[in-house]
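Colleague: Chain by chain, the residues:
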Amino acid sequence: MAPEHSPPGVRIRGLTVVYRTPAGELPAVSGVDLDLPPGTITGVVGESGSGKSTLALSLLNAVQPPGRIAAGSVEIDGLGDVVALGGEALRRARGRHVGYVFQAAQNSLNPLKPVGKQVLDLGRSHGVADLRGLLADARGLLDRMGLDGARVLDSFQHELSGGMRQRVGIMLALVLNARLVVLDEPTTAVDMITQATILRIVREVHAERGLTTLVITHDLGVVAEVADRLAIMYGGRVVEQGPTREVLAGPRHPYTRALLGAIPRLVGDIGEARALPGRPPTLAGIPADGCVFRERCPLRMDVCETGRPPVVVRGSRSAACHAVRDDDGDRPAVTAATGEDQS
Amino acid sequence: MKRLAAIAALVGLAAVAACSGTSGNSSGGGGGVYTTVDLNKPSLDVNAPINPWNPKGNSFWGYNAMRIAWAKNTLTDPNQFYPGIAASWDIAPDNSSITLHLQPGNKWSDGRPVTAEDVKFSIALAYTQGSTAFAVDPGAAGAASEVEIIDDHTIKITQDMNNPSVTFVRGVMDTFVVPKHIWESVLPADFWDTLKAARGDGPEAEAARGQIKALSEKVLAFAPPQDVSAGPFVLKRMNPGEALLVKNKNFYNAANVAPDQLRLLNTTGNEQIWNYLTAGTLDNAPFTAVPADVMKRIKATPGNKVVKGYSPVAVSLAFNQSKKPYDNVHVRRGLAYLIDREEVTRIASPEGGTAAVTTSGIHQKAAREWLGAELDTLEPYAVDPAKAEKEFTEAGLQKKDGKWALPDGKPWKVTIHIPAPFSDWVSAAKAITSQLTAAGVDAEVVTTADYPLYLSELAEGKYDLGFWLIALGPAPYNIFQRLYGSSNGWNILGGKVKHSPPGKDGNWMGGPETIDVEGVGTVNPGELTAQLNSATGDEQKAVIAKLAKAANQDLPVIQLWDYVNTQFVNTNRFTGFPGDDSDLLRQPSGVWIQLGLIKKKQ
Amino acid sequence: MSATIVPEAEAGAAAVVRRNFWRGVWRVMRRKPSRMAGAVILAVFAFMGIFGPMLYPDPLPRDTSALYAPPSLRHPFGTDFEGTDVLALVVTGSRYVLLTAVVTAAITVVVGAGIGLFAGFRRGRWDTVLMRFTDMKLTIPGLPLLLVLSTVWKFTSAVEMGLVLGLLGWGGVARAVRSQTLSLRERGFIEAARGLGLSTTHIVCRELLPGMAPYIAMNALIAVTGAVYAQVGLFFLGVLPFEANNWGVMLNLAVFSGGALTTTAALPYLLAPLLAILLLTLGIVLVVDAMDEIFNPRLREE
Amino acid sequence: MAVLLRRLAGHVARGLVMIVVVTTISFLIIRSVPGDPLAARYQKLVEQGMAPDAAQRAVEALYGFTPKGSLWEQYVGYMSGLAHLDLGQSLSVPGTGVSTVLLSAAKWTVIPVLAGTLLSFLAGVVLGVYAAIKRTGVLGDVLAISGSLLHGVPQYVLALLLGAIFTTLIPILPAGGTADIMIDPGFSAAYIGSLIEHATLPVLTYALAGYGGWILAMKSSVVTVLGDDFILAAELRGMKRSIIFRYVARNAILPLFTILALSLGLLFGGAIFIERIFNYPGLGLTLIDSINNRDYALMGGAFLLITTAVVVANIAADLLYTVIDPRVRSGGEPA
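Residue numbers (our numbering), protein chains in the order written: chain E, 1 to 343; chain L, 344 to 945; chain G, 946 to 1247; chain P, 1248 to 1582.
This is chain E alone, in the form it adopts within the complex (with noise of 0.2 Å):
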């Protein structure tokens, strides 16, 4: 059952979403580009209504109504662009092209139904011959993530845990074989062993089957246990990215700073950890025009309400912000207004 071929790549270029309300349509995610290289994990960090869930939704052409996909593409080998999909074409690619960890993994079981008869939906869904086959093959994937695989799929969900649920999902995303995963919010509402212990999965998962991952998560944290890579997002647009650890070690949008600041660290005084003042924008509050962030920003200029901020690659990594110039290497172009001084 070894896949053959290799892992698919993902380009999105981009990408609006925009959501119709009473004020007209607002974009949730705009402009957005971002590469999942094959067989990488890539983390997209944010908080609540950055965008991210919604980014995810996209991979699968999934974008809830009242919202819907306005521009851009999301080209994924083997599939083309999602975007363009539809139909029947589009449903059979969700699951067996792209396997999607739901966000409240909690709930994404029918209650009424044991999980080997809901394999057996999938299977079915998907035209599967071989339902035996699936069958094992779900509980040997159980079994992989330390499940009694039976025993699980003769469960109903309120018969598991949180952990369980959670890998209950996995195995139903990874089951068909999908070699595009998406992970929305693996870890949330679990304890903090299982959390380390789905992390760990998702590692070894993603590197015995030759995955390309993507993880979606408002955790810094998590993002810097898996991900190779790391988008994150604010108002709707990827402020920064590039791979996880030189992000992390130096990060340049101040944005990334400031929730870097606020990670309250095992080691050293609580009191360092410092709250992001302000609110995220919502989605009638993104400003149209200029820097979303600019609201929060220590750093923000005349330029910050008007100019879109231009992406400045430097290379892998890449950061939109007036404040981050070109040549200016690793460091921002105002020492002086750092995470660390403010009050």
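Because the hints were derived from the structure by calculation, they are not lab data. A portion of the hints provided could be inaccurate.
Pairwise CB distance ranges (calculated) [claimed, not checked]:
| no. | chain 1 | residue 1 | chain 2 | residue 2 | range |
| --- | --- | --- | --- | --- | --- |
| 1 | P | Gly1384 | E | Gly285 | 27 to 33 Å |
| 2 | G | Phe1078 | P | Val1389 | 49 to 55 Å |
| 3 | G | Thr1073 | P | Leu1318 | 51 to 57 Å |
| 4 | P | Gly1384 | E | Arg308 | 34 to 40 Å |
| 5 | G | Leu1112 | E | Thr21 | 41 to 47 Å |
| 6 | L | Lys746 | P | Leu1350 | 54 to 60 Å |
| 7 | G | Ser1010 | L | Ala430 | 39 to 45 Å |
| 8 | G | Glu1152 | P | Ile1380 | 46 to 52 Å |
| 9 | G | Ser1010 | E | Pro22 | 55 to 61 Å |
With the C-beta cut set under 8 Å, the calculated list includes, among others, these residues of chain E facing chain P [said to hold, decoys possible]:
| no. | residue |
| --- | --- |
| 10 | Arg91 |
| 11 | Arg96 |
| 12 | Tyr100 |
| 13 | Gly116 |
| 14 | Lys117 |
| 15 | Asp121 |
| 16 | Asn177 |
| 17 | Cys297 |
In silico BS3-like links for lysine-lysine, alpha-carbon gap of 30 Å or less [to be verified]:
| no. | chain 1 | residue 1 | chain 2 | residue 2 |
| --- | --- | --- | --- | --- |
| 18 | P | Lys1291 | L | Lys839 |
| 19 | L | Lys561 | L | Lys399 |
| 20 | L | Lys639 | L | Lys708 |
| 21 | P | Lys1315 | L | Lys399 |
| 22 | P | Lys1354 | E | Lys117 |
| 23 | P | Lys1354 | G | Lys1082 |
| 24 | L | Lys847 | P | Lys1487 |
| 25 | L | Lys667 | G | Lys1099 |
| 26 | L | Lys667 | L | Lys399 |
| 27 | L | Lys753 | G | Lys1099 |
| 28 | P | Lys1381 | L | Lys708 |
| 29 | L | Lys666 | P | Lys1354 |
| 30 | P | Lys1291 | L | Lys556 |
| 31 | P | Lys1315 | L | Lys805 |
| 32 | L | Lys841 | P | Lys1291 |
| 33 | G | Lys1099 | L | Lys847 |
Here the structure is a predicted model, which is why all the values come from computation and not from measurement. Glycine included, each C-beta is placed from N, C-alpha and C at the ideal position.
Knowing the structure of chain E, use the given hints to seat chains L, G and P on it.
Modeller: Quick look at chains L, G and P alone, frame taken from chain E:
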């Protein structure tokens, strides 16, 4: 609605003119299904036993339940009957005895003959159920003292002349006759001995009365396995909506019973009867209140005819005289001058009643017979606000800002109570309050959920004014006991009249024990009413004249309208229905059929 | 490791929602004209209930030469059995019906939601006791009980009637609210709020009630229509004391003494109160439909 | 299985307690109904022309059938009778057991109510799903509003309208009763046809009156389920629409079973108007009659039957729930 149960049932009590000799008309005219509603039991009950004494029993008078004879309920004479089980009878001139001659050759539907034994046994059953003529209590008026079988077809019943009553004969004739061979097990063999003992005095009699009382339950509950009838029909089956009866081949006059089958429809409301009538379903519909427009529709239905007759009952607005200001006769008279009875009748009962010409306590048709020209001397209480004002002023009421108030200046509100299910009464009461309010007397209608509750609250004296049926003819005692009977304090106990004060023993009318009647003098109306039980002829007329005057002047009630027995027949399937004013209209159509009137349409 | 920014974000969203509530109401109403119609209908009925009796002389004039007159310009719905204008009867009769319905709905919702919330929130013994009590209430048949009660009691005023109907009717609401509370609890709602140190009042008023508003609104609808249904029905059956200007009494008289179902003369007399009931129900339905959208977060897009 | 039995035992025990309590309450209420059955009978006889004293004697014959003794003695007598499944004797039909009267009436209520309710349940559930799916469209609106309207319209209004239409304006259906009396009862096509013909209007009214409630309940339930995470999850897994539809339907219909059971129980009492208007001799009509006749035993019996129906329906619903909802089956909290 319930209107039926009360009023309509009254019609059943009224009777017809003897045309016992039925023309032996013939064979060819038979057949067909006759459809009607039994007025006495408009709502049928499949579970009820075939037992005429059971309140819901599936014995239908005139169809499969037979009485000794059928009362005509003429205007004045309670002793006229059509033959039933008895073909003829001899009544002693002093009402002291009656000898019944049974129909010759009459057989039960199971083939056994109907004999004097059956009649005697049925009389025994009647004793357990309490009847006018067959009473266990020693003191009861108009009770039989002896029942004697002369021969197989002749039986003589003697009245206890210690305490006679003119209602004795009627009491005998009203007795249901059931087959002894079916019912035998209900009564012990020594019943007549027990009865004799019970009619005596002392502890032994007491014990015997107890035994008979215990039997009464047994009789009431007795359920024969199937119908054995001496009537023109036998009950074949019931379903909850209808009863199906088939012709009884053994009936004495079977040759002249036209319909092969009889359907009695179950009705819980008048509107169902209206619908049946507009559809032309019913061959005869007994007395039913009908709104004017529905009447038009019914008349337009092919074959439908309206027959009108006398219905010995009137409705009145009764006062509770223990409540102020209704104790004052001038208040009552003042109200009478304000109520437009014509309008009330037109609104409430356009087809089923005629506005009362005055308050006499008697239905106006019978009143003419009883009172003659004297009827015209009674005050008619025509609408006259001026007179009303005079009466009210005399009563001490005060008029403030166009509204009448009590003598002490407190507001006065006339509250009229009526049972909600009687829709014609509701309309009438509403119309009266509208009239009174327009004349400056504040008035309102209050309904009571159902008739039993109405009666019990009325009897408890809870109402100031309420609607009350009066003039239940033809027996004059029955007519006036509605005004001067137990509801007004006078009870007959052991043949003696006793007056109870207001609020006691069901005296809710609370009238005075004696009344000064202009042109008559001081009378005790209760005593006079009781005299009607034994008085005869001119004596009776004189008493009635006094009572009518008393009722007219003292106004314990305001007579509103006299009912008209409006019935419907459909001549598409059958002919020979009684005409207008026929006394047969006061008996169910089963009696018309058994007398041979009804013919199949050729 | 977890970021501290999450709760703050949620609280912010809630505040915005509240601020936008009335604007939201207006928008929701405007979206479908039918909802506006519903609101207008209810406003008309409310006006009728409050001022209706003042529009006509008391007592209503009668024209005894025009009994059951057909509809005309003077009498749009004809006249009744004693020549009173039917429309005037409907208008003046609305006060009784509406007062009863409002009292009933208020009692039903307050008592039902209160008991349901309390039981679902506290759980344990209180829940058991209250739910047994509720079950018992639901077990006793309502209409038959009313029939019997109407012989024992005399409901002489609209408020009394509403009180009885309300006290008989809260069982369903209590049950529904309790199960909603339990299901919210199952989703970790209450525990989470508790964990954040929010007060019980806050949890109930700010977290639970808004979520259940559509449920409660729907039950209020059922209560109002149920009250109209029950009282008019009882008057129609004729077991309640006569009220001259009352919709149920009109139905009763139209059918049982006017022959409205047999001929056409009394038909307007029957149809007028029926139409009033239908219209009132329609108004309530439309408004509740709007309420549903205002309160239901699933339908609200913001 | 053990869980099932344990639940059943608990339910039956609680149900019995509830029946006893409700019976006690209804006993007390019924005995406080004013109006004397004997006085009612007495007046009727007098109005039929019987002399007052004779009427008095005739009524005394009925006395044996009226309850005697103090309230407490009557209560003890009644309850101990109940323990032996003896509901007492009817007063309006002396000598007939209350249970006989009730049983013969019950079948005329049970069958039409069942038929009408199931009919409306099926229609309401199917259209409710539709209304939920099309909830933003005009058709969905119309369905939902017409559902609410029908739900709000009293049964008697529907009954009166249907009656006016089908028995008066276009007289194609019989106005009342259970079957044509001219047809011999039995297992014949004619008789059964007649039964159905007579039941059409009551059943139709039940169905119409119930339909609104079902469509509303189903719609709201479906909307709730549609918003549930697992439905979106299934979509994201590429499940077939038909399978998702089944997921939605099954999850949405579950809570409706409780309502179904409850309404089945409650409709016994709610049949009053329909039976009154169509002259259909079920429990509702029996109850009205028993109240009018002040037939205490029959009133009490009718109440008991209606109550028991609700309790039994509740138990049945719960057991059904246990079978179809795995969360409950394994001993969790009932939803």
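Colleague: Taking the hints in turn, state whether each one holds.
Modeller: Hints, one by one, checked against the model:
no. : hint                                : result
1   : P:Gly1384 <-> E:Gly285: 27 to 33 Å  : 31 Å, holds
2   : G:Phe1078 <-> P:Val1389: 49 to 55 Å : 40 Å, violated
3   : G:Thr1073 <-> P:Leu1318: 51 to 57 Å : 31 Å, violated
4   : P:Gly1384 <-> E:Arg308: 34 to 40 Å  : 39 Å, holds
5   : G:Leu1112 <-> E:Thr21: 41 to 47 Å   : 44 Å, holds
6   : L:Lys746 <-> P:Leu1350: 54 to 60 Å  : 58 Å, holds
7   : G:Ser1010 <-> L:Ala430: 39 to 45 Å  : 55 Å, violated
8   : G:Glu1152 <-> P:Ile1380: 46 to 52 Å : 30 Å, violated
9   : G:Ser1010 <-> E:Pro22: 55 to 61 Å   : 59 Å, holds
10  : Arg91                               : 5 Å, holds
11  : Arg96                               : 6 Å, holds
12  : Tyr100                              : 4 Å, holds
13  : Gly116                              : 13 Å, violated
14  : Lys117                              : 11 Å, violated
15  : Asp121                              : 5 Å, holds
16  : Asn177                              : 13 Å, violated
17  : Cys297                              : 35 Å, violated
18  : P:Lys1291 <-> L:Lys839              : 25 Å, holds
19  : L:Lys561 <-> L:Lys399               : 15 Å, holds
20  : L:Lys639 <-> L:Lys708               : 26 Å, holds
21  : P:Lys1315 <-> L:Lys399              : 22 Å, holds
22  : P:Lys1354 <-> E:Lys117              : 42 Å, violated
23  : P:Lys1354 <-> G:Lys1082             : 25 Å, holds
24  : L:Lys847 <-> P:Lys1487              : 84 Å, violated
25  : L:Lys667 <-> G:Lys1099              : 24 Å, holds
26  : L:Lys667 <-> L:Lys399               : 41 Å, violated
27  : L:Lys753 <-> G:Lys1099              : 25 Å, holds
28  : P:Lys1381 <-> L:Lys708              : 72 Å, violated
29  : L:Lys666 <-> P:Lys1354              : 50 Å, violated
30  : P:Lys1291 <-> L:Lys556              : 21 Å, holds
31  : P:Lys1315 <-> L:Lys805              : 26 Å, holds
32  : L:Lys841 <-> P:Lys1291              : 24 Å, holds
33  : G:Lys1099 <-> L:Lys847              : 25 Å, holds
Against the hints set out earlier in the document, violations occur for numbers 2, 3, 7, 8, 13, 14, 16, 17, 22, 24, 26, 28 and 29.
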